[in-house]
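Please model the entire structure based on the sequences and the hints provided.
Next come the chains, spelled out residue by residue.
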Amino acid sequence: GAVVSQHPSWVICKSGTSVKIECRSLDFQATTMFWYRQFPKQSLMLMATSNEGSKATYEQGVEKDKFLINHASLTLSTLTVTSAHPEDSSFYICSARGGLAVSYEQYFGPGTRLTVT
Amino acid sequence: GDSVTQMEGPVTLSEEAFLTINCTYTATGYPSLFWYVQYPGEGLQLLLKATKADDKGSNKGFEATYRKETTSFHLEKGSVQVSDSAVYFCALISWGKLIFGQGTELSVKP
Numbered sequence: 249g250a251v252v253s254q255h256p257s258w259v260i261c262k263s264g265t266s267v268k269i270e271c272r273s274l275d276f277q278a279t280t281m282f283w284y285r286q287f288p289k290q291s292l293m294l295m296a297t298s299n300e301g302s303k304a305t306y307e308q309g310v311e312k313d314k315f316l317i318n319h320a321s322l323t324l325s326t327l328t329v330t331s332a333h334p335e336d337s338s339f340y341i342c343s344a345r346g347g348l349a350v351s352y353e354q355y356f357g358p359g360t361r362l363t364v365t
Numbered sequence: 801g802d803s804v805t806q807m808e809g810p811v812t813l814s815e816e817a818f819l820t821i822n823c824t825y826t827a828t829g830y831p832s833l834f835w836y837v838q839y840p841g842e843g844l845q846l847l848l849k850a851t852k853a854d855d856k857g858s859n860k861g862f863e864a865t866y867r868k869e870t871t872s873f874h875l876e877k878g879s880v881q882v883s884d885s886a887v888y889f890c891a892l893i894s895w896g897k898l899i900f901g902q903g904t905e906l907s908v909k910p
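If you read the sequences in order, they're chains Y and S.
If you're matching positions, the first sequence starts at 249 in this note's numbering and goes up one per residue.
If you're matching positions, the second sequence starts at 801 in this note's numbering and goes up one per residue.
Please note that the accuracy of each hint is not assured.
[To be verified] No farther apart than 25 Å at their CA atoms in a straight line, the calculated lysine-lysine pairs in the BS3-like style are these: (1) S:Lys-877 <-> Y:Lys-289; (2) Y:Lys-314 <-> S:Lys-877; (3) S:Lys-897 <-> Y:Lys-303; (4) S:Lys-856 <-> S:Lys-868; (5) Y:Lys-289 <-> S:Lys-897; (6) S:Lys-909 <-> S:Lys-897; (7) Y:Lys-289 <-> S:Lys-852; (8) Y:Lys-312 <-> S:Lys-897; (9) Y:Lys-262 <-> Y:Lys-303; (10) Y:Lys-268 <-> Y:Lys-312; (11) S:Lys-909 <-> S:Lys-852; (12) S:Lys-877 <-> S:Lys-909; (13) S:Lys-909 <-> S:Lys-868; (14) Y:Lys-314 <-> Y:Lys-303; (15) Y:Lys-314 <-> Y:Lys-289.
[Claimed, not checked] Residues on chain Y that point at chain S, a partial pick, calculated with CB under 10 Å: (16) Phe-276; (17) Gln-277; (18) Thr-279; (19) Phe-282; (20) Leu-292; (21) Thr-297; (22) Cys-342; (23) Gly-346.
[Unchecked claim] Sample of chain S residues at the chain Y side, in silico, Cβ under 7 Å: (24) Gly-841; (25) Glu-842; (26) Leu-844; (27) Lys-897.
Simulated from the structure, these hints should not be mistaken for lab results.
Computed from a predicted model, the values in this text were never measured in an experiment.
Yeah, the Cβ is synthetic: ideal placement off N, Cα and C, and Gly gets one too.
The following block contains the structure:
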């Protein structure tokens, strides 16, 4: 099946700094990418949806100025957590979908563990 | 809004035991329902799906039946293996977006 990678798999940063997470589709063109956030023992919460070459659509309650999403190519999307604080510590998961796929046919990355100290 | 509730884990079973992971949902209308599995260190993978009431999704020995009357989509397997150890997520589609339950960790011991 299709493969999606994320980098880094885990990152520790200091409060106030920014951190960038990459999501890549390795063997298909991802016209749409999704970013999710997962707290321990809780469900994945959709943060935003991005289409290649367009601005991301953020879910209600997600700060677009804090969580910057760029989807500049058909194989790469990035999530930048700006001025990170300890409450941003979480597990961030991306998924990708090809142009002709139906809505649930998303391929998920393995996730990135962010810890803000 | 629409939501999914799963039984809490972790669930620990011996090899060849019967597995049930409960999942119930709240939704307007009749959404498609899914089970995803996440093996250690990997991304979520679609395990099975059902698109309408009374549909049974099945894959790799796992089954789940879409029960409209009880708004449930319980995951079952007759004989689990150590390799089934993973986190299982129940989900539905709502307005084109996946809504997940909190996940249930399954650990199968030899």
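Now the hints, each set against the structure:
1. Simply put, S:Lys-877 and Y:Lys-289 have alpha-carbon atoms about 23 Å apart, close enough for the 25 Å limit, and the pair holds.
2. About 43 Å separates the Cα atoms of Y:Lys-314 and S:Lys-877, which puts this hinted pair outside 25 Å; it is violated.
3. Pair hint S:Lys-897 plus Y:Lys-303 holds up; C-alpha atoms about 18 Å apart against a cutoff of 25 Å.
4. Taking the CA atoms of S:Lys-856 and S:Lys-868, the gap is near 12 Å; set against the 25 Å cutoff, the hint holds.
5. A distance of roughly 21 Å separates the Cα atoms of Y:Lys-289 and S:Lys-897; the hinted pair therefore holds under the 25 Å criterion.
6. Proposed proximity of S:Lys-909 and S:Lys-897 is contradicted: the alpha carbons are some 35 Å apart, above 25 Å.
7. At most 25 Å may separate the alpha-carbon atoms for a hinted pair to count; Y:Lys-289 and S:Lys-852 exceed this at roughly 29 Å.
8. Our distance criterion of 25 Å between C-alpha atoms is met by Y:Lys-312 and S:Lys-897, whose separation comes to about 19 Å.
9. With a C-alpha separation of about 28 Å, the suggested pair Y:Lys-262 and Y:Lys-303 falls outside the 25 Å cut-off, and the hint is violated.
10. With a C-alpha separation of about 14 Å, the suggested pair Y:Lys-268 and Y:Lys-312 falls inside the 25 Å cut-off, and the hint holds.
11. Restraint check for S:Lys-909 and S:Lys-852: the C-alpha separation of about 35 Å exceeds 25 Å, so the hint is violated.
12. In summary, the hint linking S:Lys-877 to S:Lys-909 is supported, as the alpha carbons are separated by about 15 Å, within the 25 Å threshold.
13. Our distance criterion of 25 Å between C-alpha atoms is broken by S:Lys-909 and S:Lys-868, whose separation comes to about 34 Å.
14. Of the supplied pair hints, the one linking Y:Lys-314 and Y:Lys-303 holds, its CA atoms being roughly 15 Å apart against a limit of 25 Å.
15. Only pairs whose Cα atoms come within 25 Å are accepted, and Y:Lys-314 paired with Y:Lys-289 is accepted, the gap being roughly 24 Å.
16. Of the supplied interface hints, the one on Y:Phe-276 is violated, with its beta-carbon coming no nearer than about 14 Å to a beta-carbon of chain S, more than 10 Å.
17. Proximity of Y:Gln-277 to chain S is violated relative to the hint, the smallest CB-CB distance being about 18 Å (cut-off 10 Å).
18. The beta carbon of Y:Thr-279 comes no nearer than 14 Å to any beta carbon in chain S, farther than 10 Å, and the hint placing it at the interface is violated.
19. For Y:Phe-282, the suggested interface contact is upheld, since its CB lies about 8 Å from the closest CB of chain S, less than 10 Å.
20. Given the 10 Å rule on beta carbons, the hint for Y:Leu-292 holds: about 5 Å separates it from the nearest Cβ of chain S.
21. For the restraint placing Y:Thr-297 at the interface with chain S, the shortest Cβ-Cβ distance is roughly 8 Å, inside the 10 Å limit, so the hint holds.
22. Interface restraint check: Y:Cys-342 against chain S, minimum CB-CB distance 9 Å, threshold 10 Å, status holds.
23. For Y:Gly-346, the interface hint is violated, since its Cβ never comes within 10 Å of a Cβ in chain S; the closest pair sits about 14 Å apart.
24. The beta carbon of S:Gly-841 comes within 6 Å of a beta carbon in chain Y, closer than 7 Å, and the hint placing it at the interface holds.
25. Restraint check, S:Glu-842 versus chain Y: the minimum CB separation of about 6 Å is within 7 Å; hint holds.
26. A distance limit of 7 Å between C-beta atoms decides the matter here; for S:Leu-844 the minimum to chain Y is near 4 Å, and the interface restraint holds.
27. Checking S:Lys-897 against chain Y by beta carbon gives a least distance of about 6 Å; that is within 7 Å, so the hint holds.
Against the hints set out earlier in the document, violations occur for numbers 2, 6, 7, 9, 11, 13, 16, 17, 18, 23.
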